[in-house]
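Modelling step: build the complete structure from the supplied sequences, incorporating the hints.
Chains as they are written, first to last, in the working numbering: chain A, 1 to 185; chain E, 1 to 258; chain U, 1 to 487.
You may find that some hints are simply not true.
[Claimed, not checked] Straight-line alpha carbon distances no greater than 30 Å define the calculated DSSO-like cross-link-like pairs of lysine-lysine that follow:
no. : chain 1 : residue 1 : chain 2 : residue 2
1   : E       : LYS87     : E       : LYS199
2   : E       : LYS64     : E       : LYS209
3   : A       : LYS32     : A       : LYS45
4   : E       : LYS64     : E       : LYS199
5   : U       : LYS400    : U       : LYS413
6   : U       : LYS483    : U       : LYS413
7   : U       : LYS268    : A       : LYS45
8   : U       : LYS400    : U       : LYS16
9   : E       : LYS126    : E       : LYS64
10  : A       : LYS32     : U       : LYS483
11  : E       : LYS199    : E       : LYS209
12  : U       : LYS479    : U       : LYS413
13  : U       : LYS304    : E       : LYS199
14  : U       : LYS304    : A       : LYS64
15  : A       : LYS32     : U       : LYS16
16  : A       : LYS32     : U       : LYS400
17  : E       : LYS40     : A       : LYS64
18  : U       : LYS400    : U       : LYS304
19  : A       : LYS185    : A       : LYS64
20  : E       : LYS40     : E       : LYS87
21  : U       : LYS304    : A       : LYS45
22  : E       : LYS87     : E       : LYS126
23  : A       : LYS64     : E       : LYS64
24  : U       : LYS479    : U       : LYS400
25  : E       : LYS40     : E       : LYS64
26  : U       : LYS483    : U       : LYS16
27  : U       : LYS483    : U       : LYS268
28  : E       : LYS40     : A       : LYS185
29  : E       : LYS87     : E       : LYS64
30  : U       : LYS16     : U       : LYS304
31  : E       : LYS87     : A       : LYS64
Since the hints were made in silico from the structure, they are not lab data.
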Amino acid sequence: MIQMHAFYVFLGVAGFLVAMFLYTAWSTRHAKDIDYHSAYALRRKLLLLVAAVLVLGLAMTLAKTPYPRDQDVPSQVVFVVGKQFSFGISASPITNEDEYLAATYSTPVQVTAGSLVEFRVTSFDVNHGFSVYSPSNRLIAQTQAMPGYVNRLRIRFREPGRYHVLCLELCGSGHHRMRGVFDVK
Amino acid sequence: MRRGLGSVCLALCLSTPFYGQPSFGIRSNEAPNEDRYVYKALPDIVIQTVATADARLSTVWRDKPVLLTMIFTRCAGVCSPFLRSLKRAAADAEGLGRDYRIVVLSFDPQDSAADMDRMAQSLGLKSDPAWIFGVASPGDIRRLAAAVGFWFYWDPSVGQYDHPSLLIAVDRGRVLRMLAGAEVPSASLREVAQELRGKFVSSYALAGKVAFRCFEYDPDRGRYNLDWGVLLMLLPATCALLSVAWAFSPISRRAGPP
Amino acid sequence: MASVANGLYGESEIRKFRRMTVIWGATVLLLLPILALLGYFMRWVQAGAFTQLRPEWFYAVLTLHSLGMVGTWFVGSMAGVSYLLLRYTRPSLAVSRLSYWGTLVGVLLLIVCTLGGLFGTGWYFLYPLPLMSQHVWQPWATFTFFLALAILGVCWTIWTLDILRAIARHYSLSAALGWNYILGREGPEVPPLVLITTVSLIVGVAGFVAAVLVIALFAARALGVNVDPLLMKNLTFFFGHVLVNITMYLGVATVYELLPSYAGRPWKINRVVALAWGAVLFLILFAYFHHLYMDFAQPAWIQKFGQICSYGLAVPAGVVSIFGTLALVYAARMRWTLASTLLFLGIMGWGVGGIAAVIDSTVEVNFHFHNTLWVPAHFHTYYLMGVVLIILGLIDHVGKEISGLEERAARSKLTVALLLIGGYGFLSMFYWAGAHSVPRRYAIYPLEVSQGTLYARIAVGFITVLLLGILLYLWETGKRCLKALAA
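So this is what it looks like as structure tokens:
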């Protein structure tokens, strides 16, 4: 789970940094002069080390973005409109208020597990955050629902079940209760 | 008894399109909405050309993506101008033959493969391997039409079919895009051609009058170009540079408080 | 002070400047507990207390707390840097006073539109939300909000330009940016304070101009012109990102200036330090792209460039300054006072928050962390445990310098312990919640993320400890400031 991996990486690196600070503070109990040349040499090494780690991080992650250049053609498109304070989610295009209202109250859209699904997400008013939560309540994907734009988010669902959509972009006083739902079968 | 039989025959004749001209679908003033059909699977029908008696449509789209359209050869209206416009736009868009092919099918049961071949010849496309002109069985045509919202209506008063002009981009048997209209704009076809090549545009702007957009999608190169809004984005840094120039100018430095 | 010896300022002018600095410090110390209590209140709401409260109150308080804190620590940093720059140049007292009164007016207007008008867009007032409140706040509240921003923006821009002008009086551009060190040329010695302040404030001007553009485009929308939401997002996040970063950098500048006197060692610019801060000047203009990763309308190459710049920014600002701090203090004959401890720990907090920020600036990770509690986790870390500790250390340093009142070691240790335990404990709940997909800015947690309520309850406990630390600090340092004011 990428969130926990990131958390442990953070704990590790931050823990190391805190340890360095504590060690440095403790070292002042036994004061002595330091050799600046050695210090500068150490700094050079540290800079190279950090730069190398960051370059490695970039190499490992830059290609992995949610802006897919899939060669796969999705099996299904799902249309999403965010509006204060509900998501309209439908297998048919949502082009006006009536279709949006119908989509917010209709039977949840069904998508097929294992197939590639494309969500076309927009907003009819302010920015919203179309954020997909798995049946185990983990955030697995998201994109912004921005007025005037349609964002295309492709997901291949592995786990069947009911997926909830929460809004993750502050959109007004009903932000926390804005939601949507669809099923993966 | 004979009168009853005659009435039945008359009723049958009246309910059946004259000379066997079928209509199909729901006639509408609006073109089929692309969004309703995107990623839908197309039926793998059998097509006949002068070269082949029974080629499957899937053998074509498995080889390369396809732009599919349906016309009829006796058309006195939009079909020929539409095909000519498609020919021009495809020449502009580049990639025809290399990245995709165009399949033109007739929905008119009276058209034969030879009729379609003659049509190709009239357009100067007979020997172009990137263009496939063919026919299919009425049943297959109806299945295909249903899959993409295409309709055709026989109007006996003018002896012509009324139908939309539709161009369907097909990749691996699924609808990728649909363009409707008698004229095929080159820019639209370039965009479609990009998608057929596998370019994925992760977002697109909805049409509408908006001041100072940041980016405009360029279908020619398949990427975003900077638009006027970017000038506004450059303004803060420009003002910062000007501030530095002002603060550190020799005049300011001399004229400051003692 | 050196500036008296250098003939830059007379004795009475120095006294007036000191007094203005103490007034700034006292104001910051007055705003701190109020704004902290607002944050405390928010976590209580998220913990499930105040169930009868209308959620509009939560969002209004959120807006005031976030904008208030960002502004308070910005002015704290500016006032601190302005005071320390007296050693080298002559910033204008009149401009400092103007900024002070402008800040007070701006803060008052913010209080009116949020607590009075329930304006609740969050600090980054994302277009077009201020204009589409669903009748929760009225147009007058929106107008008041933008008026507050405009007043704050104008005053702070003038202040920024004045400090640049003051630096330019005594340092050429190449000297102020440390180019002599980079090119290995002979030139005047430039204190790190001047270098970092120059870099930060050049970028600061850009940030304020972006804010002006945002306000102007909002006005255009109010008059019926449809503005591109993507452009507005870019401008808004550029402004916010710059403002927060320069606040931290100005805080770091004060550490470069003050910590050496506690360590008994100099901290000078050399080629590496000058190169590092020169790189910051460029990278910071583009790092803000990491706020728009989830806007797929932004071209992919820009998103990736944003990740590269965000990663890159960690090297100069972070590694060079953190290493410098550690090298300065390592085995030094260190005078550990409340001030020096807070300055030292502030750099540590800035580093910890920076690590979390770099992780989140990875597009692949951001896809799962964007707008979860990981985001407030990292910025509260480098703010609360970073720049706030630094400025509290600075205020204590100035207060001691002027009042002459010594501190009580035991109380100082207790203060630091409470701040650290309370602060990092509170933050740990943000990190943990973010890693468990709990969204940020939720008044109430729905069933899918109900664990957020538990984490908020634990956080409330830690914030109580933190507030005790703040109160103890205010008591001790407040006495020094009051005596300094009377001096």
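Checked hints:
| no. | hint | in the structure |
| --- | --- | --- |
| 1 | E:LYS87 - E:LYS199 | holds, 22 Å |
| 2 | E:LYS64 - E:LYS209 | violated, 37 Å |
| 3 | A:LYS32 - A:LYS45 | holds, 23 Å |
| 4 | E:LYS64 - E:LYS199 | holds, 15 Å |
| 5 | U:LYS400 - U:LYS413 | holds, 17 Å |
| 6 | U:LYS483 - U:LYS413 | holds, 22 Å |
| 7 | U:LYS268 - A:LYS45 | holds, 20 Å |
| 8 | U:LYS400 - U:LYS16 | holds, 17 Å |
| 9 | E:LYS126 - E:LYS64 | holds, 19 Å |
| 10 | A:LYS32 - U:LYS483 | violated, 37 Å |
| 11 | E:LYS199 - E:LYS209 | holds, 26 Å |
| 12 | U:LYS479 - U:LYS413 | holds, 17 Å |
| 13 | U:LYS304 - E:LYS199 | holds, 18 Å |
| 14 | U:LYS304 - A:LYS64 | holds, 10 Å |
| 15 | A:LYS32 - U:LYS16 | violated, 40 Å |
| 16 | A:LYS32 - U:LYS400 | holds, 28 Å |
| 17 | E:LYS40 - A:LYS64 | holds, 28 Å |
| 18 | U:LYS400 - U:LYS304 | violated, 48 Å |
| 19 | A:LYS185 - A:LYS64 | holds, 27 Å |
| 20 | E:LYS40 - E:LYS87 | holds, 26 Å |
| 21 | U:LYS304 - A:LYS45 | holds, 27 Å |
| 22 | E:LYS87 - E:LYS126 | holds, 13 Å |
| 23 | A:LYS64 - E:LYS64 | holds, 28 Å |
| 24 | U:LYS479 - U:LYS400 | holds, 10 Å |
| 25 | E:LYS40 - E:LYS64 | holds, 18 Å |
| 26 | U:LYS483 - U:LYS16 | holds, 15 Å |
| 27 | U:LYS483 - U:LYS268 | violated, 33 Å |
| 28 | E:LYS40 - A:LYS185 | holds, 18 Å |
| 29 | E:LYS87 - E:LYS64 | holds, 18 Å |
| 30 | U:LYS16 - U:LYS304 | violated, 49 Å |
| 31 | E:LYS87 - A:LYS64 | violated, 39 Å |
Violation of the numbered hints given earlier is confined to hints 2, 10, 15, 18, 27, 30 and 31; the remaining hints are satisfied by the structure.
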